[in-house]
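Asker: Sequence:
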Amino acid sequence: MNKRRWVAVIIAAALFIFAAVSSFMTKDTDDKNLSGTDALLFGSNEITEGVVEEGEEEQRIAQLTIDGTIADTGENSFFSGEGYNHQFFMDQLKEVQEDPTVAAVLLEINTPGGGVYESAEIAKEIRAIQAADTPVYVSMKNMGASGGYYVSASADKIFATSETLTGSIGVIMSSVNFSELMDNLGIEDQTYKSGPLKDMGSAMREPTEEDEEVMQSYVDNSYDRFVKIVSKGRSMSEDQVRDIADGRIYDGQQAKDNDLVDEIGFPDDALTSLREDEGLEKAQVFEYDIASTGFDQTWLGSKIAQAKGMKQTETDRMLNVIERIGTPEAPKPMYYYGGE
Numbered sequence: 001m002n003k004r005r006w007v008a009v010i011i012a013a014a015l016f017i018f019a020a021v022s023s024f025m026t027k028d029t030d031d032k033n034l035s036g037t038d039a040l041l042f043g044s045n046e047i048t049e050g051v052v053e054e055g056e057e058e059q060r061i062a063q064l065t066i067d068g069t070i071a072d073t074g075e076n077s078f079f080s081g082e083g084y085n086h087q088f089f090m091d092q093l094k095e096v097q098e099d100p101t102v103a104a105v106l107l108e109i110n111t112p113g114g115g116v117y118e119s120a121e122i123a124k125e126i127r128a129i130q131a132a133d134t135p136v137y138v139s140m141k142n143m144g145a146s147g148g149y150y151v152s153a154s155a156d157k158i159f160a161t162s163e164t165l166t167g168s169i170g171v172i173m174s175s176v177n178f179s180e181l182m183d184n185l186g187i188e189d190q191t192y193k194s195g196p197l198k199d200m201g202s203a204m205r206e207p208t209e210e211d212e213e214v215m216q217s218y219v220d221n222s223y224d225r226f227v228k229i230v231s232k233g234r235s236m237s238e239d240q241v242r243d244i245a246d247g248r249i250y251d252g253q254q255a256k257d258n259d260l261v262d263e264i265g266f267p268d269d270a271l272t273s274l275r276e277d278e279g280l281e282k283a284q285v286f287e288y289d290i291a292s293t294g295f296d297q298t299w300l301g302s303k304i305a306q307a308k309g310m311k312q313t314e315t316d317r318m319l320n321v322i323e324r325i326g327t328p329e330a331p332k333p334m335y336y337y338g339g340e
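In the UniProt record's numbering, the protein residues as written are 1 to 340.
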């Protein structure tokens, strides 16, 4: 190696040793913000704001985004990498509620949906924002399906393009069954259980009628909640919602024809409409971000963060995702388009 490369290696090694030593000197804390050496290396982890469009700061429009599957991977907002981060998005919704200068919200959505629980969490906070007389407009981009529609349903106005894939109103809970294959192979399941329903959904035996009744009832309850959300948000009767909520997908125009969206348009059209409807023509538009040095995106920074327990490894992240969305052996209900 040449001199320059040796210098780079020595600096990298020094940083790694410095971070490792400091990790033993830093006390554990539940505070999400970073301090000391961690803040020096990675940033403070505080929520920051970036101006999207200049304007008056007394009445502002918060531009939020859901991009990707709605699932809580268990990661904090700082070391989440690319894609949707549930904790960060929930933090943004709280920031909106606590900021008196936020006069409206424009929520851009591009998601096939996701977890039943996470979707309900988002919808609850959106309603809390609206309860404070802060209008929420939704602009669906490529996709706003299932859980994506669930979180949109209460919006004051919903925009979609003609090409948007939306709808898919319903619940899915998938599993597989290997019992016939096991019989063919001469494999016998030996499961000891405290009650006949303890192993519902087992891939090792055929489901009984009682199994199917219980599981279907569970899914139906989730579906009923979905129907009520749409009914209230779109001012439709539950029967009207059920007529169009059989799980099918719609393009933007079909959704408009069925009163699931209000206007055909892109995010800039939704923003223009929001400004005009709410008298916010001169309002500043901003979005939230995280204070970061960018060091966490490098190979060395990523390894240091993992060594200090601040960032998940890819394996840990995948295991968390699987745990939260379920598996064929332990399925969970999902507001999700496209199966599990």
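Quick caveat, the hints were computed from the structure, so don't treat them as lab data.
Just so we're clear, the structure is a prediction, and the values are computed from it rather than from any experiment.
Heads up, a few of these hints could be off.
[What the hints assert, rightly or not] Listed below are the simulated BS3-like cross-link pairs for lysine-lysine, each with C-alpha atoms no more than 30 Å apart in a straight line:
1) 282 <-> 193
2) 332 <-> 94
3) 332 <-> 124
Asker: All the hints need checking, so say for each whether the structure fits it.
Answerer: Do the hints match the structure? See the list:
no. : hint        : verdict
1   : 282 <-> 193 : violated (65 Å)
2   : 332 <-> 94  : holds (27 Å)
3   : 332 <-> 124 : holds (21 Å)
The structure shown violates just one earlier hint, number 1.
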